[in-house]
Amino acid sequence: MATDQITGAACVIRALVDQGVDVVFGYPGGAVLPIYDELFQQNALRHILVRHEQAAVHAAEGYARSTGKVGAVLVTSGPGATNAVTGLTDALMDSIPLVCLTGQVPTHMIGNDAFQEADTTGITRPCTKHNYLVKKVEDVSRVIHEAFYVARSGRPGPVVVDLPKDILQAKTVYRNGAAVKHRSYNPRVKGDMKRIEQAIELIAKAKRPLFYCGGGIINSGPKATQLLTEFVRMTGFPITLTLMGLGAFPAADPHFLGMLGMHGTYEANLAMHDCDVMINIGARFDDRVTGRLAAFSPGSKKIHVDIDPSSINKNVAVDVSIVGDAAHVLEDMIKLWKARQARPEQKAIASWWKQIEEWRGRESLRFRNSDSIIKPQHAIKRLYEAIKGRDYYITTEVGQHQMWAAQHIRFEEPKRWMTSGGLGTMGYGLPAAIGAQIAHPDSLVIDVAGEASILMNIQELSTAAQYALPVKIFIVNNQWMGMVRQWQELLHGGRYSESYSASLPDFVKLAEAFGATGLRAEKPAELDEVIRLMIETKGPVVVDCRVDQTENCFPMIPSGAAHNEMLLGPEDEVKPVSEEGMVLV
Amino acid sequence: MADKNTVSRHTISVLVENEAGVLARVIGLFSGRGYNIESLTVAEVDAANRLSRITVVTSGTDMIIEQIKAQLDRLVPIHRVSDLTVEGPHLERELALIKVRGNGEKRVESLRIADIFRARVVDSTIESFVFEMTGSSEKLNAFINLMQPLGLVDVSRTGVVAISRGPDAI
Chain P
340 MATDQITGAA
350 CVIRALVDQG
360 VDVVFGYPGG
370 AVLPIYDELF
380 QQNALRHILV
390 RHEQAAVHAA
400 EGYARSTGKV
410 GAVLVTSGPG
420 ATNAVTGLTD
430 ALMDSIPLVC
440 LTGQVPTHMI
450 GNDAFQEADT
460 TGITRPCTKH
470 NYLVKKVEDV
480 SRVIHEAFYV
490 ARSGRPGPVV
500 VDLPKDILQA
510 KTVYRNGAAV
520 KHRSYNPRVK
530 GDMKRIEQAI
540 ELIAKAKRPL
550 FYCGGGIINS
560 GPKATQLLTE
570 FVRMTGFPIT
580 LTLMGLGAFP
590 AADPHFLGML
600 GMHGTYEANL
610 AMHDCDVMIN
620 IGARFDDRVT
630 GRLAAFSPGS
640 KKIHVDIDPS
650 SINKNVAVDV
660 SIVGDAAHVL
670 EDMIKLWKAR
680 QARPEQKAIA
690 SWWKQIEEWR
700 GRESLRFRNS
710 DSIIKPQHAI
720 KRLYEAIKGR
730 DYYITTEVGQ
740 HQMWAAQHIR
750 FEEPKRWMTS
760 GGLGTMGYGL
770 PAAIGAQIAH
780 PDSLVIDVAG
790 EASILMNIQE
800 LSTAAQYALP
810 VKIFIVNNQW
820 MGMVRQWQEL
830 LHGGRYSESY
840 SASLPDFVKL
850 AEAFGATGLR
860 AEKPAELDEV
870 IRLMIETKGP
880 VVVDCRVDQT
890 ENCFPMIPSG
900 AAHNEMLLGP
910 EDEVKPVSEE
920 GMVLV
Chain Y
131 MADKNTVSRH
141 TISVLVENEA
151 GVLARVIGLF
161 SGRGYNIESL
171 TVAEVDAANR
181 LSRITVVTSG
191 TDMIIEQIKA
201 QLDRLVPIHR
211 VSDLTVEGPH
221 LERELALIKV
231 RGNGEKRVES
241 LRIADIFRAR
251 VVDSTIESFV
261 FEMTGSSEKL
271 NAFINLMQPL
281 GLVDVSRTGV
291 VAISRGPDAI
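Going down the list, the protein sequences come from chains P and Y. Taking my numbering, the leading residue of the first sequence gets 340, the next gets one more, and so forth. Taking my numbering, the leading residue of the second sequence gets 131, the next gets one more, and so forth.
Please keep in mind that the hints were generated in silico from the structure rather than gathered at the bench. Since this is a predicted model, take the numbers as computed values, not measurements. Each residue gets a CB set at the ideal place from its N, CA and C atoms; glycine is no exception. Please note that the accuracy of each hint is not assured.
Examples of chain P residues toward chain Y, derived with CB under 7 Å [as the list claims (entries may be wrong)]: (1) R464; (2) P465; (3) H469; (4) V489; (5) S523; (6) Y524; (7) P648; (8) S649; (9) N652; (10) K653.
Sequences and hints are given; from them, build the entire structure.
If you want it as structure tokens, here you go:
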């Protein structure tokens, strides 16, 4: 028997490989040395050494979101685990499947304030979908297999497995975990047929219908995207997508009204406000989307399809709720729709489209361009023109540039767009781009960044250099924390408290110091050439694109306002924000 | 017709895997999302199957109560969530140990009331009693209030445990 016994650390590697993991993002330390020793002695699993554990998690998120697979992270105990917390919270908010292995001090020292000890399961309990502390070596393989099952099934999310060092060094027999069956966790994927019938009934009677879909479609997989596209075209209804849902429906299709929400298009938000039947599939009525709840789509019957029952009736009470996986429910919806003879009144639908086209005619994403100074929207539009038709993946940091990227870069397919939606984590974009580039070595991966955000995880340029990853970092540099500045202008009387990016580094020299290429664009005339060079230069490239410092992101629903109270541009008069609005973020 | 903003009290029974951290998950959920806990009890109820039962008394609008149940249900080690308040008739019991200190007429009076409430004396000195009492929370409150002027010095309560009436399990 003894010959079949391997260490806990060896079980970890075998379990990862058996789960189909080919790359793990991590950073070594005392408590995980046994795992790193095993890593050293094998070739099935590639390890990407990041420069900060937060980046390991974001990189795994980028990898997971661009592939649909579970991302894997390996960090040490104490600070390794606490540094990972922001990434885990980000993954929880955006439903990204991850398994994060953390080292722990040996079991007999737990609770003694040992060196590099932290109560990792305690700290990560509220920021993971689930977590485990493994206390027996016999449990290592089972727990890791279970962790992958929990991470990827149902509403995906991050799972932490905390591994004390003595467990990693003890010996046991490895157990394969191909078929995990959980005693208490069995998420439902099939929707209730009666409810789906009710939904179809509503849809068939709609006069002003609207699909409102989100990241749940993308998480469900390619089949859901394909079925959604089919169903939207079959019905001829308009569709809007959330920030997380971009790519779930082809942007070039005329049914697509653009993104909705705080910085969404005029037509998408007004259609949300005025629709009579709302078909929400895989979106969660986030506050960035709804605006003032009391005034949110007041006249509509609402259908909500979500795999997570707790997302239903959380913020907005709906009329028909369906718990299930998007692809399964869409399949049933299409089946019922085809079987059914009754169709919406075509005249009503046509006049609804006429209204929408009128709104669309306002061209809410328009901005006043300039010959002398690069407008940030223009920079992103030119970037999009240069990559259109190529095989591209876009990540972003958080702030104005993120919203402009969401508005002006278009996605025809899912898994191409990675942004920190729920948590709004500055510093997400560069490590996420690294993760996406590892997964797609020959594709064009661009981090659309701001000069403030990029500094939050700039050390990862070193990772990009080490693995010769050709990530392109396009910094929309307005020398301000632009979104903070915009809110201070609109809500706080233009008192720009601490939002100026003082003492910025020379990004070109910074890139060179890391072994990357640095480029700069200062005038509109230089822009296209710099973008071309960025794309054509091998290896990592940083572009310092100097843009107008004062530009604000429009359209905008000010906090506490409703969808039909949008600001379309700087010429729109800003009404004083209500007291309730002032407390919102 | 209850208004959608009406706050009501619900007794929720939760069958959970008896494993480390499960109570912390439940409590963390309530504190993290700002839900009320009026009382919470937990104990293993099935050692062979490693199951514990948590009874939590909470209050909120209908929408909040639905949220609480959905949020509990999606925790991985939770087997079943049952809202006893809406699922039909059920029993609620609480046990309290109540210490009263005094002598003379007050001491006699506390014993007399204890008798009326069917509280049992489980400890006695010449200047104190510890009463044990089981019943609804309201009954316990009534008794404890009566003991206040008679020398109440200490109370320990279990919190509510509950079970549905009739033959069916949770």
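Taking the hints in turn, this is what the structure says about them:
Look at R464 of chain P: its Cβ gets to within about 6 Å of chain Y, closer than 7 Å, so that hint holds up. With 7 Å as the threshold, the beta carbon of P465 of chain P comes within range of chain Y, its nearest partner Cβ sitting at about 5 Å, so the hint holds. Among the interface hints, the one on H469 of chain P holds; its C-beta lies about 4 Å from the nearest C-beta in chain Y, closer than the 7 Å criterion. Interface hint at V489 of chain P: satisfied, since its Cβ lies 6 Å from the closest Cβ of chain Y, which is below the 7 Å cut-off.
Taken as an interface hint, S523 of chain P checks out: its beta carbon lies about 4 Å from the nearest beta carbon of chain Y, inside 7 Å. At about 5 Å, the closest approach between the beta carbon of Y524 of chain P and any beta carbon in chain Y falls short of 7 Å, and the interface hint on this residue holds. Of the supplied interface hints, the one on P648 of chain P holds, with its beta-carbon coming within about 4 Å of a beta-carbon of chain Y, less than 7 Å. Checking S649 of chain P against chain Y by beta carbon gives a least distance of about 4 Å; that is within 7 Å, so the hint holds.
Hint on N652 of chain P holds. Least Cβ distance to chain Y is approximately 6 Å, under the 7 Å limit. For K653 of chain P, the suggested interface contact is upheld, since its CB lies about 6 Å from the closest CB of chain Y, less than 7 Å.
In this structure, none of the earlier numbered hints is contradicted; all agree with it.
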